[in-house]
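Participant: Put chain B on the given structure of chain A with help from the hints.
From first to last, the protein sequence lines are chains A and B.
According to my numbering, the first sequence is numbered sequentially starting from 143.
According to my numbering, the second sequence is numbered sequentially starting from 447.
A few of these clues could be false.
What the hints assert, rightly or not - In the DSSO-like style, the derived pairs of lysine-lysine whose C-alpha atoms are separated by at most 27 angstroms in a straight line are:
| no. | chain 1 | residue 1 | chain 2 | residue 2 |
| --- | --- | --- | --- | --- |
| 1 | A | Lys466 | A | Lys290 |
| 2 | A | Lys432 | A | Lys198 |
| 3 | A | Lys259 | A | Lys432 |
| 4 | A | Lys198 | A | Lys290 |
| 5 | A | Lys286 | A | Lys371 |
| 6 | A | Lys333 | B | Lys561 |
| 7 | A | Lys432 | B | Lys561 |
| 8 | A | Lys198 | A | Lys181 |
| 9 | A | Lys335 | B | Lys600 |
Unchecked claim - Distance ranges between label pairs, derived from CB positions:
| no. | chain 1 | residue 1 | chain 2 | residue 2 | range |
| --- | --- | --- | --- | --- | --- |
| 10 | B | Gln642 | A | Arg220 | 36 to 42 angstroms |
| 11 | B | Leu603 | A | Ser316 | 37 to 43 angstroms |
| 12 | A | Gly240 | B | Ala480 | 38 to 44 angstroms |
| 13 | B | Pro673 | A | Ala411 | 50 to 56 angstroms |
| 14 | A | Lys181 | B | Gly512 | 20 to 26 angstroms |
Read the hints as simulated data drawn from the structure, not as lab findings.
Ideal Cβ placement from N, Cα and C applies to all residues, glycine included.
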Amino acid sequence: MTISRRDLLVAGAGLAGAAALPGFTPGAFAQGAPMPDFKPEPGASLRVLRWSPFVKGEEEAWIANTKKFTEATGIEVRIDKESWEDIRPKAAVAANVGSGPDIVWVWFDDAQQYPDKLLDVTTLANGLGAKYGGWYDAPALYAKNQGKFIALPLATIGNAVVYRDSWVKEAGFSEFPKDIKAFLELGKALKAKGHPMGFTLGHGVGDGNNFCHWVLWSHGGKMVDDSGKVVINSPETVAALRYMRELYPTFIPGTESWLDVNNNRAFLAGEISVTANGVSVYYGAKNDPKLADMAADMRSTNFPIGPVGKEAELHQTTSACIFKYTKFPQAAQAYMAFMFDAPQMNAWIKGASAYCCQTLKAFAANPVWTDNPIHKPYSRASETLRPNGYSGPLGPQSAAAMADWIVVDMVAEAATGQRTPEEAARRAELRAARIYRG
Amino acid sequence: MADVTAGSAGRRSWWAGIGQGRHVLGLLFLLPAAVFLVLFLTYPLGLGVWLGFTDTRIGREGVFVGLENYELLWIDSVFWLAVFNTLLYTVGASILKFALGLWLALLLNQHLPFKSFFRAVVLLPWVVPTVLSAIAFWWIFDAQFSIISWALIKLGLIDHNINFLGDTTNARLSVIAANVWRGIPFVAISLLAGLQTIPASLHEAATLDGATGWQRFRYITLPMLSPIIAVVMTFSVLFTFTDFQLIYVLTRGGPLNATHLMATLSFQRAIPGGQLGEGAAIAVAMIPFLLSAILFSYFGLQRRKWQQGGGD
Numbered sequence: 143m144t145i146s147r148r149d150l151l152v153a154g155a156g157l158a159g160a161a162a163l164p165g166f167t168p169g170a171f172a173q174g175a176p177m178p179d180f181k182p183e184p185g186a187s188l189r190v191l192r193w194s195p196f197v198k199g200e201e202e203a204w205i206a207n208t209k210k211f212t213e214a215t216g217i218e219v220r221i222d223k224e225s226w227e228d229i230r231p232k233a234a235v236a237a238n239v240g241s242g243p244d245i246v247w248v249w250f251d252d253a254q255q256y257p258d259k260l261l262d263v264t265t266l267a268n269g270l271g272a273k274y275g276g277w278y279d280a281p282a283l284y285a286k287n288q289g290k291f292i293a294l295p296l297a298t299i300g301n302a303v304v305y306r307d308s309w310v311k312e313a314g315f316s317e318f319p320k321d322i323k324a325f326l327e328l329g330k331a332l333k334a335k336g337h338p339m340g341f342t343l344g345h346g347v348g349d350g351n352n353f354c355h356w357v358l359w360s361h362g363g364k365m366v367d368d369s370g371k372v373v374i375n376s377p378e379t380v381a382a383l384r385y386m387r388e389l390y391p392t393f394i395p396g397t398e399s400w401l402d403v404n405n406n407r408a409f410l411a412g413e414i415s416v417t418a419n420g421v422s423v424y425y426g427a428k429n430d431p432k433l434a435d436m437a438a439d440m441r442s443t444n445f446p447i448g449p450v451g452k453e454a455e456l457h458q459t460t461s462a463c464i465f466k467y468t469k470f471p472q473a474a475q476a477y478m479a480f481m482f483d484a485p486q487m488n489a490w491i492k493g494a495s496a497y498c499c500q501t502l503k504a505f506a507a508n509p510v511w512t513d514n515p516i517h518k519p520y521s522r523a524s525e526t527l528r529p530n531g532y533s534g535p536l537g538p539q540s541a542a543a544m545a546d547w548i549v550v551d552m553v554a555e556a557a558t559g560q561r562t563p564e565e566a567a568r569r570a571e572l573r574a575a576r577i578y579r580g
Numbered sequence: 447m448a449d450v451t452a453g454s455a456g457r458r459s460w461w462a463g464i465g466q467g468r469h470v471l472g473l474l475f476l477l478p479a480a481v482f483l484v485l486f487l488t489y490p491l492g493l494g495v496w497l498g499f500t501d502t503r504i505g506r507e508g509v510f511v512g513l514e515n516y517e518l519l520w521i522d523s524v525f526w527l528a529v530f531n532t533l534l535y536t537v538g539a540s541i542l543k544f545a546l547g548l549w550l551a552l553l554l555n556q557h558l559p560f561k562s563f564f565r566a567v568v569l570l571p572w573v574v575p576t577v578l579s580a581i582a583f584w585w586i587f588d589a590q591f592s593i594i595s596w597a598l599i600k601l602g603l604i605d606h607n608i609n610f611l612g613d614t615t616n617a618r619l620s621v622i623a624a625n626v627w628r629g630i631p632f633v634a635i636s637l638l639a640g641l642q643t644i645p646a647s648l649h650e651a652a653t654l655d656g657a658t659g660w661q662r663f664r665y666i667t668l669p670m671l672s673p674i675i676a677v678v679m680t681f682s683v684l685f686t687f688t689d690f691q692l693i694y695v696l697t698r699g700g701p702l703n704a705t706h707l708m709a710t711l712s713f714q715r716a717i718p719g720g721q722l723g724e725g726a727a728i729a730v731a732m733i734p735f736l737l738s739a740i741l742f743s744y745f746g747l748q749r750r751k752w753q754q755g756g757g758d
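Extracted from the complex, chain A is given alone in its bound form (with noise of 0.2 angstroms):
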């Protein structure tokens, strides 16, 4: 059986209702731009090794696309799922002993781990960027290895500022700052009036990372340069960890122990005006009745502009894998295609609630991200997105400096005063250096 891409079309449009998207116009972006065609094997059935959503919608309406793909093609495909921070260790394993799911959704620089392992579809992504206004730059670094994609960018899970609206006024400010100076200056005017900022500085996976990166990026540092050498240890490390010191005072305390739930929790709880987290964070407000007046007062806006003078912001990034010794390359490949053809994408993204971003550009006319100006900083995640382990090449390197929370501990150590920014710059250095040897 030969499904094309009008077979999908087809088979796509009558359901998520391609039409009814106003603002998305297929054809602008799909001239000249054949989408491969691929043949499914006879007999093909699909195994998908997916993440727990964390919003129930995306992970319905991914479930009621791939119901559309089996209708259209009699291919069954089987989902299933792990928390998510499992998914490295079980989409190793496959990788090494050489069988398990056909189809699996990493984080970061997981496919970096084992690009030997994993399906060459470049075909599939040249055609889908051509079609779809091409890969956002950072979600494709993830997804690409000397030159050839070994994944498809799938979302750039989004993390961005949220504040109280009537707290940061209260304080002096009409509107959010745009710039670092101001937004230390925010802190303090918030931190009088009894209303303290909070931003994860302990080993939240997320939160913790993302907030330190940024301090770290605005201000021109980063951990290695292109080649690789570990380049931490820098003047523009030091003014951001010494930015970080005279911000710190306006935190609410404790921020150094929490993980990558405390932020919501106190956000919620009204202990705290401004923090950086992913929508879910609304959501706990706008779902419950009670914080109805919270919600209403909620605002979001993507972190503030350092002396490196242009946004650099670390989200968490998700790609799909189809594994090399999967027997049914064609039929992964094609659920994969129609996975991301837009009457499918569009209701992917749109039942995500704003938490997925898209990672393909003509996506962002996705009329979620207008429904709610809270979503708006959200529909930016692909394009301000920065590689961990930026400037270097992704692979085990940047993973291990990661996981081993050299940033975050950095920015924390001086943060806290624990260590001067001196010292502290100086140690990330040094353990950057063990994991960045030869």
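Facilitator: This is chain B only, laid out in the frame that chain A set:
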């Protein structure tokens, strides 16, 4: 005829060897256990030791690199911090668990009303899954919503929340406290079982001889209890030394790695960090500590003379 007899006798003795002889049948009965042990203990342990000598990463077979992982750990300050934390955690928590557990056991050994009820209740912290109690402690130690801070503020004793898990010293004390809470029942109930095996007649005789309560404890209870203490504390030290869940839920090794134990660091480097070889090396580095704890209890605490009330 003679031949036949000899033949049948020979056959019988062969069957007898299988059916009645101690060695073959004994080995046969041992086989399932041996296979089980080799498969699930020896092989993983051997594999772990081997991995420690390789540079295996997630997604890639490693090659033998000799002692490189250990050399790198030797100059790694985070590893030494984890060793220090682990020793502090183990020694601190074990001493507290022993002292409080023994005290509790002595109390429960008295004739109390509702004795069985109290004994059952004491076991609760041990019965609750570690992850659940760890989550409860996570709330108790929360930087903003700690019930301890709240209560002390309401009582007017302090004016701001206690930074339980943010300050390095507080964090260490907090995780030790949580571990002690969880570990006391095991020590207490085991020692209580030991206490009940001490014949009452010894105490009666000592009382008649005019021994004080302290003397009876020092010269009867403690020596009679020492074999149990040795076993219980060996287990307790091993459990504490290899603790993982509590730290992982409460702090993930933070703040600033002040509560990173060797077990949590090993996991962090091996799985999220992808460096399986290095993670294995950290785990292997725990073995000498564990072995010395076992040998100490075996040779140190189980000396017969002391048990019998004699001097060393």
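Participant: If a hint holds in the structure, say so; if it does not, say that too.
Facilitator: These are the hints, each one checked on the structure:
1. A:Lys466 - A:Lys290: Given that 27 angstroms is the threshold and the Cα spacing comes to 14 angstroms, the pair holds.
2. A:Lys432 - A:Lys198: 21 angstroms, holds
3. A:Lys259 - A:Lys432: Since the Cα atoms of lysine 259 of chain A and lysine 432 of chain A sit roughly 50 angstroms apart, the hinted pair is violated (cutoff 27 angstroms).
4. A:Lys198 - A:Lys290: Violated. Lysine 198 of chain A to lysine 290 of chain A sits at ~33 angstroms, over the 27 angstroms cutoff.
5. A:Lys286 - A:Lys371: 21 angstroms, holds
6. A:Lys333 - B:Lys561: Status violated; Cα separation ~54 angstroms.
7. A:Lys432 - B:Lys561: Not OK: lysine 432 of chain A and lysine 561 of chain B at ~46 angstroms, beyond 27 angstroms, violated.
8. A:Lys198 - A:Lys181: Roughly 32 angstroms separates the two Cα atoms, so the pair is violated.
9. A:Lys335 - B:Lys600: Within the cut-off at roughly 22 angstroms; holds.
10. B:Gln642 - A:Arg220: 36 to 42 angstroms: 56 angstroms, violated
11. B:Leu603 - A:Ser316: 37 to 43 angstroms: About 42 angstroms separates the Cβ atoms of leucine 603 of chain B and serine 316 of chain A, which means 37 to 43 angstroms holds.
12. A:Gly240 - B:Ala480: 38 to 44 angstroms: 31 angstroms, violated
13. B:Pro673 - A:Ala411: 50 to 56 angstroms: Given a distance of about 52 angstroms, which is inside 50 to 56 angstroms, the answer is holds.
14. A:Lys181 - B:Gly512: 20 to 26 angstroms: 50 angstroms, violated
In this structure, the hints that do not hold are numbers 3, 4, 6, 7, 8, 10, 12, 14, in rising order.
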